[in-house]
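> Whenever a hint applies, use it, and build me the whole structure from the sequences.
As they're listed, the protein sequences go chains R and B. 219 is the number that my numbering gives to position 219 of the first sequence; each next residue is one higher, with no gaps. 384 is the number that my numbering gives to position 160 of the second sequence; each next residue is one higher, with no gaps.
Calculated directly from the structure, the hints in this document are not laboratory data. Don't take each hint at face value.
Said to hold, decoys possible - Reference excerpt, derived from the structure (chain R facing chain B, CB under 8 angstroms, subset only):
#  : residue
1  : P78
2  : T112
3  : G116
4  : R135
5  : L141
6  : D142
7  : S145
8  : A176
9  : R177
10 : G178
Cβ atoms here follow ideal geometry from the backbone N, Cα and C, with glycine treated the same way.
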Amino acid sequence: MSDSAAGGGRPRIFLVEDHTVFRAGVRAELGDAVEVIGEADEVAAAIELINERLPDVVLLDVHLPGGGGQAVLRGVLPHHPEVQFLALSVSDAPEDVIAVIRAGARGYITKTISGGELLQAVYRVAAGDAVFSPRLAGFVLDAFSQMSMTGTLSTGLDTELDQLSPREREVLRLIARGYTYKEVARDLTIATKTVESHVSSVLRKLQLSTRHELTRWATDRRLV
Amino acid sequence: MRRSSDARVLAGICGGLSQATGIDVTILRIGFVLVGLASGVPVLVYALAWLVVPVDDETTNIFSRAINDRRGIRLVIAVIPVVVVTQIVVSALHIGFVGIISWPVFFAVGLTILIWRNASEAERVWMNDDLVPMLSIGSGGGGRGKLILRVSAGALVGAGGIVVLIIGHPSTAALRPLGGALLVIAAIVIIFGPWWLSLARDLMSEREARALAEERAQMAAHVHDSVLQTLALIQRSADDPQNVVRLARSQERELRAWLFEGRAPGAISEDATMLAEGVGLLQRHVEADHGITVQVVLVGDCDLTDGLRALLDAAREATVNAAKWSGAPQASLYAEVEPHAVMLYVRDRGRGFDPDDVPDDRQGIAQSIKARMARYGGAVVIRSSPGEGTEVELSMPR
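The structure is reproduced here in structure tokens:
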């Protein structure tokens with residue numbers, strides 16, 4: 001997979017984003033630390049270029065003309081599962097975020113993120129780890145706590161995929177409070193690597209859980 | 225050694241001992257109870273330690289406050305006539321063991337009065353919420369179980385008294401000293417009665433004074449949150465006349481609403497009925513007035529109670545503090561609704577401070593956050609160190 005990043009080289013980045021100003025901003029913020037190998041501002045072009053150039057990480061805007069970020073994920077991942085996606089958005093609407101994660105993105109961050117944090121997130125995704133913004137961590141905690149409430153009532157059984165372990169819950173809670181992975185590790189006296197593996201495991205549950213509650217939760221939230 | 229405020233059943237002395245010595249707290253507790261049942265000495269030691277050892281987050285002990293509490297000492301002295309009466313009646317009736325226990329009971333009552341009156345605000349709230357319901361089988365309410373317990377306890381004591389009277393004395397002989405005892409009691413009531421009455425009146429007026437002081441504190445917190453904050457903002461934007469006018473006008477509106485319509489200023493939480501709504505209002509107000517981005521993450525939602533409104537007001541104050549002092553462009557606010565409480569964290573990555581260095585008269589933390597939370601039984605933890613940013617943790621029972 002992301003050999004160049006893992007081997008210490010600069011990760012090769014592809015930007016999918018329909019705001020030119022924002023694209024330029026991201027380029028400037030990431031600077032020389034990464035190699036930007038392409039840009040696209042709509043779904044069809046993005047799919048074609050990504051499949052052709054095979055970047056390490058795609059920075060993907062959730063809201064995109066022509067089907068949204070999910071459409072890009074569906075156009076690339078079946079052919080090239082080794083490409084990692086990091087979703088970016090301003091909106092924070094839960095249904096968008098959950099949908100793009102379940103379509104295969106390795107992480108989600110808001111556009112207010114600082115340059116340094118963005119770079120760290122890119123490296124993390126390039127290395128195959130998951131990246132959760134505080135907002136996403138909050139969504140996941142909320143969704144899973146509601147699932148366990150309705151789940152145990154309606155079916156009486158919760159598979160391992162449908163609930164968070166106490167440790168995962170603790171990690172997510174600290175991330176939701178605005179802690180970095182390093183600070184989470186220090187607070188729980190565990191290794192940063194362990195934090196990363198907990199977050200990855202949560203991401204896997206988020207992507208693989210078949211519970212309808214997860215999607216229903218996200219759409220319900222739009223009404224509130 | 226300090227008394228522990230986390231690991232406590234009564235005063236936190238075993239918890240403190242365990243922290244000081246490293247022995248497991250449960251072992252210490254069992255030991256205390258066993259030796260206490262056998263000899264009674266640890267009970268006295270425990271009570272004295274309660275007076276003398278300060279709680280881990282305080283600097284003064286209860287004793288240093290109690291020696292200045294003249295009214296409390298007078299109250300304790302007022303119990304002495306009761307003991308004397310008991311002694312006289314007891315010696316008249318020749319039932320020795322009641323006499324033996326009356327002095328320890330007196331000391332226990334006296335210590336309880338002094339501890340209760342001189343415990344810190346936080347400890348008193350704790351005793352009120354956790355200890356009193358546990359002890360007070362007698363105070364009304366409660367279920368049937370409590371009633372049965374109360375009646376049987378009363379019956380037991382009554383029966384014991386009757387048995388003692390009958391066994392100790394043939395019926396005729398008992399009547400005469402009883403009459404005498406009644407006379408003595410009547411005399412003492414006549415002598416001390418007015419004094420007790422005036423003490424009771426003092427207590428009432430003291431309670432009123434305390435309520436008044438509490439109201440003042442709430443008002444001070446409101447004024448601080450609105451007027452003083454706005455004045456600080458105006459000073460900062462002195463070179464922007466338009467902004468000054470805008471701030472002054474909105475403050476004027478708020479003050480009018482407070483004085484003439486009774487709506488508390490700065491209390492954003494009054495317009496909302498749900499927690500999520502209140503947090504959203506808080507975010508908008510602080511972002512508009514103080515130029516800081518508030519990143520909100522909320523897990524769950526619930527109806528707002530008075531306590532949760534206070535929580536929101538305290539959270540707003542914490543966020544405003546982050547905007548004013550931290551220098552960070554963004555603060556994170558995380559709130560989670562748990563089954564029995566709401567936890568709320570306000571965090572910034574700014575310059576931070578040393579919580580021990582904040583003078584007590586700084587209204588922001590003392591009144592607007594800590595006292596406000598304590599009034600509704602909530603708790604505050606502030607974590608900060610220079611260069612590390614600040615996190616304010618608020619928790620409020622639902």
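> Which hints from the list above does the structure break, by number from lowest to highest?
1 and 3
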